[in-house]
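A.B. asks: These protein sequence lines map, in sequence, to chains A and B. Residues in the first sequence are numbered from 0 upward in steps of one, following numbering that gives the first Met the number 0. Residues in the second sequence are numbered from 0 upward in steps of one, following numbering that gives the first Met the number 0.
Hints were generated in silico from the structure; no laboratory data involved. C-beta: ideal position from N, C-alpha, C; glycine also. There could be a bad hint or two in this list.
[Unchecked claim] Simulated restraints on C-beta separations:
hint, chain 1, residue 1, chain 2, residue 2, range
1, B, P70, A, D184, 33 to 41 Å
2, B, R218, A, N251, 38 to 46 Å
3, A, I100, B, M162, 28 to 36 Å
4, A, R188, B, G266, 55 to 63 Å
5, B, Y34, A, V92, 30 to 38 Å
6, A, G18, B, G246, 40 to 48 Å
[To be verified] Heads up, incomplete: computed chain A residues facing chain B, CB under 7 Å, no partners named:
hint, residue
7, L21
8, A28
9, V39
10, M40
11, L56
12, P60
13, P135
14, S253
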Amino acid sequence: MPDGGLELKTGRGPGLSFGRILLYVALIAAAAFFLIPFFVMVITSVKSMEDIRTGHLISWPRQFTLEAWIKAWGSACIGVNCVGMKGYFWNSVRMVVPSVILSTLIGAMNGYVFSKWRFPGSETFFSFLLLGCFIPFQVILLPMSLTLGWFKMAQSIQGLILVHTIYGLPFTTLFFRNFYVTIPDEIIRAAKIDGAGFFRILWRVVLPVSAPIFVVSIIWQTTQIWNDFLFGVAFSGSGSQPVTVALNNLVNTSTGVKEYNVDMAAAIIAGLPTLFVYIISGKYFLRGLTAGAVKG
Amino acid sequence: MKGSVPRRRLFYFLEGGLPRLVLAPTFVAILVFVYGFIAWTAWISLTNSRLLPNYKFAGIAQYVTLFTKEPRWWVAITNLFIFSSLFIAFCIILGLILAVLLDQRVRAEGFFRTIYLYPMALSFIVTGAAWKWILNPDLGLERLVRQLGFAGFTFRWLVDSKMAIYTVVIAAVWQSAGFVLALFLAGLRGIDDAIIKAAQVDGASLPRIYWRIVIPSLRPVFLSSVIILSHIAIKSFDLIMVLTRGGPGYSTDMPATFMYAFAFNRGRLAFGAASAMVMFLAVMAFIIPYLYSELRGTRNA
């Protein structure tokens, strides 16, 4: 009997019934639907332009070539700058790392207070903070760009770090608060009776069990900030554009011959870091998604 | 010995103030950068600011222009309705079907789930670039189907101002359906097996059990999905920018791209701010009741 649950759920006999086969056919068809676009990207990126013009979307490359990848990384023209994605990729890294660390650490402290050191008004503040997860950012774009100008941070990576840290805080705080709520209050009370204070309880009781939620928060923030386009396009300048803005400019460049293989290689380059994070930690990624989705 | 009592008092005072102190930076940041900024945008939307902000009150003129004299805004609103209704409907149908299929004690469930969900890890710019290539009117899908033997096949939605908005729907559904699947799967896992077994004992067929018992009990998941997807739809900006740039013409404009075009490219601050405020109020109109009920629910529990 291949599957113990089968009998239980369908009430049918053992073995592969017609229904079971149909089920797997449907699941595999759905998998193909999700995978084919990525397959098209990869296969296009290793073709020559000649091959692309004579073949079709999923035709096998007559000759594999990494030319498009080399060009996408180092010399493709993004606007008037023919420097490839390389610099923009590192801009994104320099933007993502500090904003993820800052927003996660501050979020952890906030979540600790909101769950274990409540004071009159803290719940109300939390509700107002929560609303920050939902505002359409168009409503803060204009004042933010003026403010970044006052801070002399317009069009800089520092400015983007500031923006991503601030607007990440509602999410990271929510993650940590909801996680710390599940630590029994009795443990905290016992620690207080033993004379432990705010930081000692944090250090000795709370942080040692926090690894999973740190992973969730780091993954969520990394993918959100890496994938951001709105803040990138509104607040960056030519030297600080993140990779998503560069990719958009590359794909929508209308001068010269369109090189679809270079476009696809550049798109994969821009997508690889988050895809990698997703594949090595899918479970935590999912937890972030659902935690970010179902509030409370 | 004498000094220790006041010192301890000071310690307790600090200890009592510490939680507030820890939250203070976030409090200030949220107050200024969220609520203060919203107030600023609201005020600017009531002025005549163009390239630079001017704070002289001018009434609701911008809103009147927006809704009565700007055909492009109505295109954006119409597109938003077309896009969000199709996007939400298809995501929920596809997500629900896949969740039910995956819930049948499937082998390699984790493998399938990983595949269905991976587009969520990618930026809309990346997936938009891929779809732009796949839907390319010359070398994309049209060429593929023609080479498979259907010589007369045409598929030029991307450059057809009537159909371009549907290409955005295709790409967005492909990207977000896995997310809805994950929500529904979590909901299905939360249903008590005893209810299903009892129905089976009564002789109900599997489709009937799903239709009559399981799916109705997923109502909260439907609600969350609709709320989250609507929210994604109203905010959608990236996908449009990369896939169609709002074109051909402004036929695929949405409120988010409209706001960006007027506020940043055309230097009409007050007008852009007014469109942003409409977006904000629209989101708040359904988010606040939702959050309110969610928060109340968890507090009472």
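A.B. asks: Next, verify each hint and record whether it holds.
C.D. replies: Against the structure, the hints come out as follows:
1. Separation of P70 (chain B) from D184 (chain A) is about 59 Å and departs from the stated range, judged on CB atoms against 33 to 41 Å.
2. Distance hint check for R218 (chain B) and N251 (chain A): the Cβ-Cβ separation is about 42 Å, which falls inside the suggested range of 38 to 46 Å.
3. Distance hint for I100 (chain A) and M162 (chain B): a CB-CB separation of about 45 Å, inconsistent with the stated range 28 to 36 Å.
4. For the hinted restraint 55 to 63 Å between R188 (chain A) and G266 (chain B), the CB-CB distance of approximately 59 Å keeps it satisfied.
5. For the pair Y34 (chain B) and V92 (chain A), the supplied restraint of 30 to 38 Å holds, since their beta-carbon distance comes to about 32 Å.
6. Checking the proposed 40 to 48 Å range against G18 (chain A) and G246 (chain B) shows it holds: the Cβ atoms sit about 47 Å from each other.
7. Annotation: interface hint on L21 (chain A) violated; nearest CB of chain B at approximately 10 Å, more than 7 Å.
8. Because the closest C-beta pair between A28 (chain A) and chain B is about 10 Å apart, greater than 7 Å, the hint is violated.
9. At a threshold of 7 Å, the smallest CB-CB gap from V39 (chain A) to chain B is about 6 Å, leaving the interface hint in force.
10. About 5 Å separates the beta-carbon of M40 (chain A) from the nearest beta-carbon of chain B, less than 7 Å, and the hint is met.
11. Interface restraint check for L56 (chain A): the shortest CB-CB distance to chain B comes to about 5 Å, inside 7 Å, so the restraint holds.
12. About 15 Å separates the beta-carbon of P60 (chain A) from the nearest beta-carbon of chain B, more than 7 Å, and the hint is not met.
13. A distance limit of 7 Å between C-beta atoms decides the matter here; for P135 (chain A) the minimum to chain B is near 5 Å, and the interface restraint holds.
14. Below 7 Å, beta-carbon pairs count as interface contacts, and S253 (chain A) has none with chain B, the closest being about 10 Å; its hint is therefore violated.
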